[in-house]
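Here is how the chains run, residue by residue.
Number of protein chains: 2
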Amino acid sequence: MNNSYSKATYRLYDDKADFHKKATGIAVGLTVGSWTDLPEAAKAQMQRHLGQVVSVSAHESDVPGERFADITIAYPDANFSRDIPAFLVTAFGKLSMDGRIKLIDIEPSSDFLSAFPGPKFGAQGVRDLLGVHDRPLVMSIFKSVIGQDLDNLRHQFLQQALGGVDLIKDDEILFENPLSPLVKRVEACVGALKEAEQATGQKLIYFTNLTGPTFSLKDNAKRAIEAGANGLLFNVLAYGFDALAELAADPDVSVPIAAHPAMAGAFYPSPHYGISAPVLLGKLMRIAGADLSLFPSPYGSVVMPKAENLAVKEALLDPSLPQKSAMPVPSAGIHPGLVPLIMGDFGPEVVVNAGGGVHGHPGGPAAGGQAFRQAVDAVLAGQSLEQYAQTHEPLKQAIELWGVRTS
Amino acid sequence: MNNSYSKATYRLYDDKADFHKKATGIAVGLTVGSWTDLPEAAKAQMQRHLGQVVSVSAHESDVPGERFADITIAYPDANFSRDIPAFLVTAFGKLSMDGRIKLIDIEPSSDFLSAFPGPKFGAQGVRDLLGVHDRPLVMSIFKSVIGQDLDNLRHQFLQQALGGVDLIKDDEILFENPLSPLVKRVEACVGALKEAEQATGQKLIYFTNLTGPTFSLKDNAKRAIEAGANGLLFNVLAYGFDALAELAADPDVSVPIAAHPAMAGAFYPSPHYGISAPVLLGKLMRIAGADLSLFPSPYGSVVMPKAENLAVKEALLDPSLPQKSAMPVPSAGIHPGLVPLIMGDFGPEVVVNAGGGVHGHPGGPAAGGQAFRQAVDAVLAGQSLEQYAQTHEPLKQAIELWGVRTS
Numbered sequence: 367m368n369n370s371y372s373k374a375t376y377r378l379y380d381d382k383a384d385f386h387k388k389a390t391g392i393a394v395g396l397t398v399g400s401w402t403d404l405p406e407a408a409k410a411q412m413q414r415h416l417g418q419v420v421s422v423s424a425h426e427s428d429v430p431g432e433r434f435a436d437i438t439i440a441y442p443d444a445n446f447s448r449d450i451p452a453f454l455v456t457a458f459g460k461l462s463m464d465g466r467i468k469l470i471d472i473e474p475s476s477d478f479l480s481a482f483p484g485p486k487f488g489a490q491g492v493r494d495l496l497g498v499h500d501r502p503l504v505m506s507i508f509k510s511v512i513g514q515d516l517d518n519l520r521h522q523f524l525q526q527a528l529g530g531v532d533l534i535k536d537d538e539i540l541f542e543n544p545l546s547p548l549v550k551r552v553e554a555c556v557g558a559l560k561e562a563e564q565a566t567g568q569k570l571i572y573f574t575n576l577t578g579p580t581f582s583l584k585d586n587a588k589r590a591i592e593a594g595a596n597g598l599l600f601n602v603l604a605y606g607f608d609a610l611a612e613l614a615a616d617p618d619v620s621v622p623i624a625a626h627p628a629m630a631g632a633f634y635p636s637p638h639y640g641i642s643a644p645v646l647l648g649k650l651m652r653i654a655g656a657d658l659s660l661f662p663s664p665y666g667s668v669v670m671p672k673a674e675n676l677a678v679k680e681a682l683l684d685p686s687l688p689q690k691s692a693m694p695v696p697s698a699g700i701h702p703g704l705v706p707l708i709m710g711d712f713g714p715e716v717v718v719n720a721g722g723g724v725h726g727h728p729g730g731p732a733a734g735g736q737a738f739r740q741a742v743d744a745v746l747a748g749q750s751l752e753q754y755a756q757t758h759e760p761l762k763q764a765i766e767l768w769g770v771r772t773s
Numbered sequence: 367m368n369n370s371y372s373k374a375t376y377r378l379y380d381d382k383a384d385f386h387k388k389a390t391g392i393a394v395g396l397t398v399g400s401w402t403d404l405p406e407a408a409k410a411q412m413q414r415h416l417g418q419v420v421s422v423s424a425h426e427s428d429v430p431g432e433r434f435a436d437i438t439i440a441y442p443d444a445n446f447s448r449d450i451p452a453f454l455v456t457a458f459g460k461l462s463m464d465g466r467i468k469l470i471d472i473e474p475s476s477d478f479l480s481a482f483p484g485p486k487f488g489a490q491g492v493r494d495l496l497g498v499h500d501r502p503l504v505m506s507i508f509k510s511v512i513g514q515d516l517d518n519l520r521h522q523f524l525q526q527a528l529g530g531v532d533l534i535k536d537d538e539i540l541f542e543n544p545l546s547p548l549v550k551r552v553e554a555c556v557g558a559l560k561e562a563e564q565a566t567g568q569k570l571i572y573f574t575n576l577t578g579p580t581f582s583l584k585d586n587a588k589r590a591i592e593a594g595a596n597g598l599l600f601n602v603l604a605y606g607f608d609a610l611a612e613l614a615a616d617p618d619v620s621v622p623i624a625a626h627p628a629m630a631g632a633f634y635p636s637p638h639y640g641i642s643a644p645v646l647l648g649k650l651m652r653i654a655g656a657d658l659s660l661f662p663s664p665y666g667s668v669v670m671p672k673a674e675n676l677a678v679k680e681a682l683l684d685p686s687l688p689q690k691s692a693m694p695v696p697s698a699g700i701h702p703g704l705v706p707l708i709m710g711d712f713g714p715e716v717v718v719n720a721g722g723g724v725h726g727h728p729g730g731p732a733a734g735g736q737a738f739r740q741a742v743d744a745v746l747a748g749q750s751l752e753q754y755a756q757t758h759e760p761l762k763q764a765i766e767l768w769g770v771r772t773s
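Protein sequence lines, in the order shown, are assigned to chains L and H. Each residue of the first sequence is one higher than the one before, counting from 367 in this note's numbering. Each residue of the second sequence is one higher than the one before, counting from 367 in this note's numbering.
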């Protein structure tokens, strides 16, 4: 008999509510339904299914007259099966609709977590695949994919790859289509990948966008892998966390999976509603098995506040979780002049991921990739970008165009 | 070659932005990526993949100094496959993270819609199964399911059923568990269902909660149906709309599906972020194939404003969609004294759905079901509840306890 509990923490805004009473209502209402009315014999039987209030801390908000409480509830693991939909429906199903309430943290029990193998490779495993252990990884994104034929994609792939990036990912909006159907796209891009590896002597992972009907995802993943894909990109939130969890747990899906945050903005940005970014793009992605998790960087136009960014990163790397750590990929608005800042903010375990910052380089995408690698090398060498750029032309051109941001 | 477009409308809050420029940025950025820089030959080739700005209407909001625009973009169907994840990732993937923006409407093309068989039964088909065409349907929810054994569930089922409700649904938080595993639970409840049908002479649908790993959903659905389940409840948002769409399209899933809105509060309540309720719980649920869609009623503690409620209903019933209409199920806080209001607000095509309003009846759940049926009969007979209650004891007791709400 399992007596462990998985916890969820909510931020609940209410100008009048008795927060302790509210917390008890959640703990009872979302588990056994009612408690005080139960006969004693029923209580004895139901005790192990009853939710518990762990803590209630009330606060005044910055808005005059507004108050909120952070409420932590422990849900008996006995109440739900070992899958993320069951946990989320228990902890934030009906409750998500009950006023101004946001799910701000989760702490699944060890028992619950033990059902999830998590990332098959993780940050370290991805490094092992690439043979790169001493620097941040560099990822590049296709410039334009829709309406492009296989030759064009192959050409784009090669150009990006020649500059020395480690990872190349499809655009998340590239779906099955007559111009670049999955298997042919993989074959074309993997052809370019091999050509680039020969030219640079460096390994590369190509994350093919995994799309299509839910119940065909495993087949599509296997078709892509058979055709040579050595990574998959996946729009997790469009399919639910369990689809990722099952893909990651499948031994035949033998390549790293990069989780794209498409649709995440429907969940995390409101202070009053939804699911916080560290839960959504951090803990849940990692538990479900993302080897890399993309999220909006604090530097670009698609912005997430830096504190939230770093909390996502912490969740992906937190050593207290049994799952392998997942590689943080802050994305959008990245150019070589930001690399010192990214490495300062995120530390060594990060992917520097760029689209426009590679393709928009005056010397073309190969020079763009080189500029990123040179920026990383500069930081590791303890030199300023300006200093390093004196002897490294691609970096020089990049910082002439985009500048260097130091904060 | 397909030249049709599917539209999405956003409400975008921004105190400074040039909304027309922003709209063009969306139309280009989420389709071909860039446009003005393209050579003329490439433009000719890419034209059919380029998004179009349909309309931009700017407004001042009620908050002083705040302004927003409703922006409609048409996305070429050529850009995405015929599945809801592809459409949502295209129209509200990256864009969801781009500032204060909410997806407030969608208008998929006929071509896109033609890929979705939609509800297998729909509102009319559910009525046909029950043989009830002349009144709102009445649904009842189990009072308490977690920690209850099969005898208890069977007993609860029978008690609810004897009052004459049409539909009984599992609680959405009942997952696979040793006390009431799926097949045994179905057998126990269907036993009670048959007993009740014999006693009342009336048909009943039991919506079994369909849970578990994503890639086992079809098997679980079929096991439940083989065991006698004549309906399924499904937490759509925990699995994504495509899982529903594929279940609904599977000929072996030969029973109506009721979509539960668990987690919907993470999407719809913020004015600034997320996906509006009429899109989320209305259009998308129906296109994906929900025969019934549950959503928060405007009457209870879990509240949705009435205008939004009615917009959800409109989306479920709108005759301009090719999919069968889906039955609206406004839920939470419903007691018999609300029935005239519900029927006034929603019209005849509605499910009156109650948990506490059935089980909390002083005469027990059978009397609770009777009270609801009597309240419906009163309205159809053109009588006030008070008047009708004079000769109908269960209704009398109900309105003594809960009162009658007229607005």
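Hints should not be assumed to be uniformly reliable.
Which copy is meant is left open, because identical chains are indistinguishable; a pair holds if it fits in one copy or across any two.
Quick list of in silico lysine-lysine cross-link-like pairs, DSS-like style, CA-CA up to 27 Å [stated by the list, open to error]: (1) K486 to K388; (2) K690 to K388; (3) K560 to K672; (4) K409 to K486; (5) K409 to K509; (6) K672 to K388; (7) K382 to K762; (8) K560 to K387; (9) K486 to K373; (10) K486 to K690; (11) K409 to K584; (12) K509 to K388; (13) K550 to K387; (14) K672 to K588; (15) K409 to K387; (16) K382 to K409; (17) K569 to K382; (18) K486 to K387; (19) K550 to K762.
What the hints contain is simulated information worked out from the structure, not anything from laboratory work.
Quick rundown of the hints versus the structure:
no.: 1; hint: K486 to K388; verdict: neither (40 Å within a copy, 40 Å between copies)
no.: 2; hint: K690 to K388; verdict: neither (36 Å within a copy, 40 Å between copies)
no.: 3; hint: K560 to K672; verdict: neither (37 Å within a copy, 59 Å between copies)
no.: 4; hint: K409 to K486; verdict: neither (43 Å within a copy, 42 Å between copies)
no.: 5; hint: K409 to K509; verdict: between (61 Å within a copy, 16 Å between copies)
no.: 6; hint: K672 to K388; verdict: between (32 Å within a copy, 24 Å between copies)
no.: 7; hint: K382 to K762; verdict: neither (59 Å within a copy, 34 Å between copies)
no.: 8; hint: K560 to K387; verdict: neither (63 Å within a copy, 41 Å between copies)
no.: 9; hint: K486 to K373; verdict: within (25 Å within a copy, 38 Å between copies)
no.: 10; hint: K486 to K690; verdict: within (8 Å within a copy, 43 Å between copies)
no.: 11; hint: K409 to K584; verdict: neither (44 Å within a copy, 36 Å between copies)
no.: 12; hint: K509 to K388; verdict: between (50 Å within a copy, 20 Å between copies)
no.: 13; hint: K550 to K387; verdict: neither (59 Å within a copy, 36 Å between copies)
no.: 14; hint: K672 to K588; verdict: neither (37 Å within a copy, 47 Å between copies)
no.: 15; hint: K409 to K387; verdict: within (20 Å within a copy, 62 Å between copies)
no.: 16; hint: K382 to K409; verdict: neither (31 Å within a copy, 58 Å between copies)
no.: 17; hint: K569 to K382; verdict: neither (59 Å within a copy, 45 Å between copies)
no.: 18; hint: K486 to K387; verdict: neither (43 Å within a copy, 43 Å between copies)
no.: 19; hint: K550 to K762; verdict: neither (38 Å within a copy, 70 Å between copies)
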